[in-house]
Amino acid sequence: MPNFEENIEQNKNCVEADVLAKSHKTSSSSSLKCYVLFLANCQLCFALMQLVENSVILFHNLSTFHYAESRLAIQFIWAIYSIWLLTVCLLLYGVLANHLACLLPNIFFSIFLVAVMLPAFMVLLASVSYTISIVMCALTIIILTLSIFYEWKYMKRIQSESLL
Numbered sequence: 001m002p003n004f005e006e007n008i009e010q011n012k013n014c015v016e017a018d019v020l021a022k023s024h025k026t027s028s029s030s031s032l033k034c035y036v037l038f039l040a041n042c043q044l045c046f047a048l049m050q051l052v053e054n055s056v057i058l059f060h061n062l063s064t065f066h067y068a069e070s071r072l073a074i075q076f077i078w079a080i081y082s083i084w085l086l087t088v089c090l091l092l093y094g095v096l097a098n099h100l101a102c103l104l105p106n107i108f109f110s111i112f113l114v115a116v117m118l119p120a121f122m123v124l125l126a127s128v129s130y131t132i133s134i135v136m137c138a139l140t141i142i143i144l145t146l147s148i149f150y151e152w153k154y155m156k157r158i159q160s161e162s163l164l
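In full-length UniProt numbering, the protein residues as written are 1 to 164.
Don't read these hints as lab results, they were simulated from the structure. No residue lacks a Cβ here, since even glycine has one placed at the ideal position from N, Cα and C. Warning: the hint list may mix true and false statements.
Stated by the list, open to error - Ranges between beta-carbon positions, derived for each pair:
#1 159 <-> 123: 33 to 43 Å
#2 68 <-> 101: 36 to 46 Å
#3 133 <-> 153: 42 to 52 Å
#4 132 <-> 70: 16 to 26 Å
#5 30 <-> 101: 18 to 28 Å
Between the sequences and the hints, there should be enough to build the whole structure, so can you do that?
Structure, rendered in structure tokens:
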């Protein structure tokens, strides 16, 4: 005949272990949330900086464009950074409101942006360019790569916690 007191004690231990495991998962997801928010703020700063720089080039230096193609290239880059800014804002909303679907556009666009920026980074390295341009391009690629990793990890962690 099993001892009821031992069963009650074992059940208490199991419940305590479950509570500890859930609190550990919650704390790790909150630390992931902090990483994602930090990287999103870095992305927001970089996107705004690039958008302002390209806006100044487009709207204040109209006489510097000798060819229409160069102006079109700056407009294209301006559009890319505008989309990046929108996806980062959507990411911030998604993280703060726990809407996982809002994380996906920034993940996909970050992958696209890294694929676009890597050849540009190689061109900057090969040509005689300003050091600040090389550093900014490298930092953007690093932040985007880290952001993709942490956003994906955060999204998977939140999905697994919501299934429990």
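Against the structure, the hints:
The hinted range of 33 to 43 Å is satisfied by residue 159 and residue 123, whose Cβ atoms lie roughly 39 Å apart. Range check, residue 68 to residue 101: Cβ separation about 39 Å, and the 36 to 46 Å hint holds. Checking the proposed 42 to 52 Å range against residue 133 and residue 153 shows it is violated: the Cβ atoms sit about 31 Å from each other. Hint check: residue 132 to residue 70, Cβ distance near 21 Å, so the stated range 16 to 26 Å holds.
At roughly 20 Å, the beta carbons of residue 30 and residue 101 sit within the given window of 18 to 28 Å.
Violated hint for the displayed structure: number 3, the only one.
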